[in-house]
Amino acid sequence: MSIAETPNENKPIKVKKAPKVFFTNKKRESIDGWLFVAPFVILTLVFLIGPIIVAFILSFKQYSLLDQTTILGAKSVGIDNYIKVFKDPVFLQALKNTFVYSIGVVPLQLIISLLLALVVDSKIKAKAFFRVAYYIPTLTSIVAVSTIFLFLFKKDGIFNKFLSIFGIGGRTWFNDPNFALMAIILMAVWSSVGVTMIIFLAGLQEIPQTVYEAAEIDGANKFQRFFKITLPLIKPTVFFNLVMTIIGTLQMFDQAYVISGGNGGPLNSTMTVVLYLYNKGFKEFEMGYASAIAFVLFLIIFTLTLIQKRLFKEEPQ
Amino acid sequence: MKRNRIIALVCSVALTATMFVGCGNKTKTGATGGPVTLTVQIWGSSPAETKLVDDQIAAFNIANKSKKITLKKEVVTGDYNQTMQTKIAAKTEPDLFYLDVSLAANYIDKGVIAPLDEYLDKSDLKDFYPNVLKGFQKDGKTYGLPKDFNSLGLFYNKEMFADAGVKVPKTWAELEEVSKKLTKGNVKALSLSDESARFAPFIYQAGGKIVDKEKMMFNSPEAIKGFEFYYSMIKKGYAASPKDLGVEGNSDALATGKAAMVIEGGWMIPFMKEKAPSVEYGIAELPKGEKQGNLLFTVAYSMSKNTKHPKEAAEAIKFLTGKKSQEMVANSGLAIPSRKSMGNVYTDKFPERKALVDGTKYANVFSYGLKHSKIDLELGKAGERYRLGKNPDGKSALEEAIKSVQ
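Protein chains in written order, with the working numbering: chain A, 9 to 325; chain B, 10 to 415.
None of these hints come from the bench; they were simulated from the model. You may find that some hints are simply not true.
A short list of chain A residues far from chain B (calculated; beta carbon distances all over 12 Å) [as the list claims (entries may be wrong)]:
(1) Leu-74
(2) Gln-76
(3) Ser-84
(4) Tyr-143
(5) Ala-152
(6) Gly-165
(7) Gly-202
(8) Gln-217
(9) Pro-274
Computed beta-carbon distance windows for the label pairs [as the list claims (entries may be wrong)]:
(10) Val-49(A) - Thr-59(B): 38 to 46 Å
(11) Glu-83(B) - Phe-55(A): 20 to 28 Å
(12) Ser-75(B) - Thr-148(A): 47 to 55 Å
As a list, the in silico DMTMM-like pairs of lysine to aspartate or glutamate whose alpha-carbon atoms are at most 20 Å apart [to be verified]:
(13) Lys-169(A) - Glu-257(B)
(14) Lys-282(B) - Glu-299(B)
(15) Lys-96(B) - Glu-292(A)
(16) Lys-383(B) - Glu-214(A)
(17) Lys-383(B) - Asp-96(A)
(18) Lys-119(B) - Glu-292(A)
Cβ atoms here follow ideal geometry from the backbone N, Cα and C, with glycine treated the same way.
Next up, chain A with everything else stripped away, as it sits in the complex:
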């Protein structure tokens, strides 16, 4: 582009034409940009998009990893797998369990982590210590946490002893089909509350103090400040945490695997969708069917995410 200067009144300006360069500045910037994201893009393509495409192809086939055919060469069964998914009573039970788990974890985790974030953000001493303390559970291995919780929640374990102080009878938590999932919910909230807390903290710290001061001057009390100022201003953070937690909980696998030893017991009460498809794919050698289950789950999560996006955008500014 030639740079044309604002012409002076009378003098015609001689505009120099720029020499033809292959790597224009714009092109150079573009290439640099791609180079910078290249590692991420390549990684995503090879390890994320690629497998997703392969899994999609497999969902229309009958295939096990031991089959000596290529993915494309495997026997095609059309949409049989997908039809089977919706008629499968164990899948439907697993879906129900997964939803119950999600509905149990999401509100509990968001509310508790928001409260913790508020506490940690306030004028208390040793803020840094509490921030770390609440976050540490998220760093522990899920397998380790599950094993410890199995120990804490056994019939003569510490949790039951604690409940007996309040006169509540003890239970065999993880062996009772009515309570196993509930115990896993408690475990999940404990171990992931730190993650959403940190994100809420970031959201809270973006609210300028001046807004609060103005509200205080206008005579707003603590509750009014929270509901009228804090909550609306952290809406994007709430949205993010809500979406991510729902996506995460609908894919729960590790806890169910360790607690039930892989069989989704007792009485299929801890069978989640991902645990079910894992068993189908690896233990029962039905990788095609497992892929179909995975895509059905994907569609469910995707739809839910779109619904949430709609709901949050509806509020007028």
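Once you've looked at the hints, dock chain B against the given chain A.
Just chain B now, with coordinates in the frame of chain A:
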């Protein structure tokens, strides 16, 4: 500007290269005539078991130094079956590997392991316990040689037996009688888990079967009888599921004195030594119903179909399950050697474990055919349902299981 671009390029390449870290490497073996390196894949286990395998591999390497064959081991931590399947699909599987008998039918059916018959000595094959070896044979061909095995036995607390003044039960009727006397307060006579790997022997003892040539037989009257007898102990109050006793598994029940008897295998021995060295226990054969019945848990070395060195791999398999290696197994006491000729070495050194070896004669391998995993899962659930009263009787529980497996 140029320097920044170079830095960006170098960083991109470095970051991209890091994604290849951890990718497996194909062991490059030389052309025929050159030195051969074989990989044998095993799963991770206790230090004692690892040492045993290391010793066996070392012995092989010494014996084959002149032939320039070296054996290297690869350990899989995590889900072995899952890892093996992904390796086979990627065609990076090792030359030889552990194969559990419960998976053998599937691996043979899919043709991922090679038959070994052309490399085997037919007369030497007779030294293996036939019912253990059968788990790895199909249509007259042998697809793996078992390296060792474990059977189930009745592990009982000697002190509790003496206190109750009872003797070791040999039949179902005696088992019930003895259990009545051993149940006191919170202590139950038996800890019984909801696993087909524990109640299948009772089905066999009643004269029933789980499968017969891929046909499901566990809803036959005999099978129902065995199934119901197992759970009758819990329903009558003489036994309980381990979690209801407040422990993780049957082994813990015996170790912590919550149960007087458990049905478990040879793995109990190192467990009891470590967790409850003060508990004096005995091992007896499982009680007899209509007949005697037991399960065998075994692992074989099998050869990959795609190995580049089948002859050498077969030699390795033969050595690792040969008399010398099995002598090491017998002396370690970690499992029962799969060769009949080694049986005496084992029982001479560990006379108290004779019941486990004796139980082999009438035992079946823990393999329910091609649908093993599903059948095992559904049987466990049937047991769970029957125990919790969701099914009024054994028949309905097992019928439901049959429907779920179809």
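Please flag the earlier hints that this structure goes against, numbers listed from lowest up.
-> Violated hints (numbers, rising): 1, 2, 6, 9, 14, 16; every other hint is consistent with the structure.
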